[in-house]
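For the protein sequence lines, the chains are A and B, in the order given. Residue numbering for the first sequence follows our numbering, beginning at 78 and increasing consecutively. Residue numbering for the second sequence follows our numbering, beginning at 78 and increasing consecutively.
If you're looking for bench data, these hints aren't it; they were derived computationally from the structure. Glycine included, C-beta positions come from ideal geometry on N, C-alpha and C. Any given hint could turn out to be false.
Unchecked claim - For lysine-lysine, the following BS3-like pairs were computed, each having C-alpha atoms within a straight-line distance of at most 27 Å:
(1) K341(A) x K442(B)
(2) K207(B) x K207(A)
(3) K281(A) x K265(B)
(4) K149(B) x K442(A)
(5) K265(A) x K203(B)
(6) K115(A) x K445(B)
(7) K311(A) x K288(A)
(8) K203(B) x K203(A)
(9) K285(B) x K265(A)
(10) K288(B) x K265(B)
(11) K288(B) x K265(A)
(12) K459(A) x K536(A)
(13) K288(A) x K285(B)
(14) K203(B) x K365(A)
(15) K203(B) x K207(A)
(16) K536(A) x K521(A)
(17) K115(B) x K445(A)
(18) K285(A) x K288(B)
(19) K442(B) x K207(A)
(20) K115(A) x K91(B)
(21) K288(B) x K288(A)
(22) K365(B) x K442(A)
(23) K346(B) x K365(B)
Said to hold, decoys possible - Short derived list, chain B residues pointing at chain A, Cβ under 10 Å:
(24) Q84
(25) E104
(26) R106
(27) A219
(28) E470
(29) L481
There are 2 protein chains.
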Amino acid sequence: MYDMSIQLKENSEKCLYEQIYDYIRLEIREGKLLAGEKLPSTRSLADYLQVARSTVDYAYDQLLSEGYIEAKPYRGYYVCRIEDLQKEIVIPRETIPIEDSEQGEWICDFSPNGVDMSGFPFGVWKRITKNILNDSNNELFAQGEAQGDLNLRITISRYLHSARGVNCRPEQIIVGAGNDYLLMLLEKILGRHVPIAMDNPTYKRAYKIFKSFAYPITTVNMDEGGMQVDALQKEGIRIAYIMPSHQFPTGAVMPIGRRTELLKWASEKEDRYLIEDDYDSEFRYRGKPIPSLQASDEQGKVIYMGTFSKAIAPAIRVSYMVLPQSLLEIYRRDCSFYSCTVSRIDQRILDEFIRDGYFERHLNKMRKLYRDKHDLLLECLKPLSKQIQITGEYAGLHILITSLNGLTEREMVARAACVGVRVYGLSESMVEENSDGKAADSSKTVLLGFGGLSQEEIKEGVSLLISAWTK
Amino acid sequence: MYDMSIQLKENSEKCLYEQIYDYIRLEIREGKLLAGEKLPSTRSLADYLQVARSTVDYAYDQLLSEGYIEAKPYRGYYVCRIEDLQKEIVIPRETIPIEDSEQGEWICDFSPNGVDMSGFPFGVWKRITKNILNDSNNELFAQGEAQGDLNLRITISRYLHSARGVNCRPEQIIVGAGNDYLLMLLEKILGRHVPIAMDNPTYKRAYKIFKSFAYPITTVNMDEGGMQVDALQKEGIRIAYIMPSHQFPTGAVMPIGRRTELLKWASEKEDRYLIEDDYDSEFRYRGKPIPSLQASDEQGKVIYMGTFSKAIAPAIRVSYMVLPQSLLEIYRRDCSFYSCTVSRIDQRILDEFIRDGYFERHLNKMRKLYRDKHDLLLECLKPLSKQIQITGEYAGLHILITSLNGLTEREMVARAACVGVRVYGLSESMVEENSDGKAADSSKTVLLGFGGLSQEEIKEGVSLLISAWTK
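Given the sequences, and given the hints that come with them, work out the whole structure.
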């Protein structure tokens, strides 16, 4: 129990003890103090309120005699249970996110956001944490560098170079608590009203964020090579947001030709940039590694973004952004006073986790785990090979299924729901202003995520889907 | 060692093994692969690059024979030390924040931002963390609620009510990684170009942040009651940023009359609000507790902000913001898709730390620790009682010293620096556009922070100050 900040009035009609009594009585009656809660000791409260101890004694005696509180020998004063009065803490329904409230109603939920937490190395994480939480690491509890601790940035720059071919110095890296936050910071760097181009369909969360910035957004249709560069020339686009290694949701990989075109477009004007969101490049199950676009960027035109939330765990709120030199200078001039949003303890844990090789082992393990699920999903879907076409496979944590037998996306989603299976319409990732769900009518494609499902769930889910879609 | 994302060209003049050899050789020569680093196994790299294992074997053999790498029996291939070639990782000076680089040059630094980490309960924190990092807490590694986990919000709402008289329901609370982040989020809620009033002097970081929002800022002079309400009527001010319990840097407490005036001003128009930054209300050493302004707000006009960074440790990047109902609705409509910036693990640790009573004990301990330093500082300054006037004492982690013997702020700072002591001019907290440090000329006041200093340092620092200021 904390001391109670009772506002005593000296010129009140009521004397001090009555004011204290009234306050506590009301707190109990209104359920703000709950049954079983400990009150501050009379000495402590008197000290805190700067009144005589006897004043608090009087107030407590009155509360005792009226049954609001009870005294436990050697332990102090506690609030009594008063059945009629105690209100329970009511948790309003609205605070529970809709997604959660729909969980549990599904036999199988093919969410593209699901991840497998069974592979998380609790033991290692706990051991590293334990070693770090140590008196000799006092400095970890002090404020760290705005861009993130240098050691972690060195580690990230080496990892990115090695795994993704990204060329950067540690000082180009900004560590932040999640991509959403880094995009907010990027707005401060790029400025206001920056015309931006996005694919359609695209990663809807990024779309919402740019919209909340009031950025004029132009959606650009994709051909087989990804974003069409012609469209960028129009409307004074300054920024293109792309996912060249694995477009969400289509899974498309941008070929080298289109990459070169985009880099050329960006280099034509000083204030043009490409945001490369390399959100799940860690998971690729077939074929050669897809290099990052940043690896080919010689003019400093790519803002490279990545995260550990997908590869380690969503609760690890550590993302990073690699700024080209020109933007780094703006960041330093205008934004470097924003404190880092990741605690130094968490930065240090992650740094050791990567440097000691655990991250690599974890990635290898998860890649195998996800590949097995991916392969199983494709295998289970074979009976439908005449009715559906599969795209976006061999990478990431979801695949796309397009119906060949005339079912629309809406019908596929609805029929799946009837048998307790949740699939996700491609149109949910479409950006369509003022068109009342037209995309959902014309689309024949759904997303099936497999990251968060067990092998048993995948088997059962697909078997239900087959019955729902072929009846 | 991660697999290397080598971009192999099939139609190159060079065969595949040469391309691999060239790539690794260049990595070593350019210092991107460092001496002692382990290369991927030939099997793993061949698998990753989708080439025959013998291709990688050839490349490695060539590198071996030229002395770039060495083979260790049963362990694998490692990069050799090549003295002339290996570049060290050069850490550019500019990445080290200026504050840090000036540390260590001072015999005593009276920074107002210093905190005492010796009181941090490492043992308890470690034990709570250990218990939480447990396979059965799998759900902690999943994405949490955008506003912060409900349990933590319930705990914070109860703490705020009890300690600060704040009246709020858990759903009004938004948890975020630091005040800077919460202010960024608040910009999204309040909107653009919102005219805001701030004290002068004020908390400079908040000023910089509002400026980076391009908010038109009006600085309002303070009288003994704090911000003058008359000035708010002009210029269409919509928001006033205040610290009523303990103004930074002056330490002024806003009396009830001025609070009522401010609340009345805010209630006159629908879109007017008060931001109450209650940044260090935990530390008050004399007198009655100062209630929060939010406690008197009946019209839903106060946005209440607080942080655990000051009370626990700066590395604990957990702050909170209590929104009035009208703004909560805007948040839900427009901003609730922004992911929470604090990891669920950290939220859970903090929640248990508070609920199990450790936070209260920690606060009591720190309050005593800081009070002792505060009292010692005042005691040590007694010999100067004719030369200086002390204000802003009895609360927080700094005091103000105004010279009575004609020394300007600039002279006080400079003379202190000559004896190795750092004090902070009040003018550093002044907002003065286009005036070239005029405030520093007219000010005769410096800030002395004591939170981060030991008792010995305080004694030595003050004794040096006395010699510097009275010679």
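Task: Violated constraints from the hint list, given by number and in increasing order - done: Violated: hints 1, 5, 14, 20, 22, 23, 26, 28, 29.
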